[in-house]
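**Q** Residue numbers (this note's numbering), protein chains in the order written: chain A, 1 to 111; chain B, 1001 to 1112.
Watch out, some of these pointers could steer you wrong.
Quick list of in silico lysine-lysine cross-link-like pairs, BS3-like style, CA-CA up to 27 Å [said to hold, decoys possible]:
id, chain 1, residue 1, chain 2, residue 2
1, B, 1049, B, 1068
2, B, 1049, B, 1061
3, A, 57, B, 1061
4, A, 83, B, 1068
The set of hints was computed from the structure by calculation and includes no laboratory data.
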Amino acid sequence: EPEVTQTPSHQVTQMGQEVILRCVPISNHLYFYWYRQILGQKVEFLVSFYNNEISEKSEIFDDQFSVERPDGSNFTLKIRSTKLEDSAMYFCASSAQDTQYFGPGTRLTVL
Amino acid sequence: AQSVTQPDIHITVSEGASLELRCNYSYGATPYLFWYVQSPGQGLQLLLKYFSGDTLVQGIKGFEAEFKRSQSSFNLRKPSVHWSDAAEYFCAPHFGNEKLTFGTGTRLTIIP
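The following block holds chain A by itself, in its conformation from the complex (with noise of 0.2 Å):
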């Protein structure tokens, strides 16, 4: 069965550095999505990408953040100068007929 896959699975980075996060979505989904989760709350939406362009985000999604796909396959998503508080899992999703599909995250670690 198709799954969404993310790389890496765990990330440890510099505050100030820059990270991207990896995702192949499944083959023939149209919609793309990241969220993330910070350790002990509920899981949050960043941002949702269809026909090559953001279609919504959120507040969290700020000048800090971009996505991109720069591929038939690859989603990324991009923090360019991380702050502690970017410490989170982060859920990349696909979606076909109204249904989204999670990929099993990267843990990203600023330190």
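Based on the hints, put chain B in the right spot on chain A.
**A** Same frame as chain A, but now just chain B:
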């Protein structure tokens, strides 16, 4: 404002006992309704979904959920829980391909 509420933060049940996790939503129209499960350190797995039609929907791992329009609820049930069901459960309504709005989650603990 649109919202979803999971009133129970933490539930403990004995293995083999029945389970019901509550979910209430407040939307102008009836959204699509989903339940996801997150095992410790894992991602989010879709348990079941409701779009329309039969108000009792069956999901994976023996779970079912019942949509009740009059109560704006979509409660998750299982007749007999297994130790492997210990996890965090999230109710999430949404419309079409819009963002999912997750409830705060219910943490399920199973005791022998």
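**Q** Taking the hints in turn, state whether each one holds.
**A** Results for each hint:
A hinted pair counts as satisfied when its Cα atoms are at most 27 Å apart, and residue 1049/B with residue 1068/B qualifies at roughly 14 Å. Using a Cα cut-off of 27 Å, the hinted pair residue 1049/B and residue 1061/B holds, with the two alpha carbons roughly 14 Å apart. With a C-alpha separation of about 33 Å, the suggested pair residue 57/A and residue 1061/B falls outside the 27 Å cut-off, and the hint is violated. For the hint linking residue 83/A to residue 1068/B, the alpha-carbon distance of about 43 Å lies beyond 27 Å, and the restraint is violated.
When held up to the earlier numbered hints, the structure conflicts with 3, 4 and fits the remainder.
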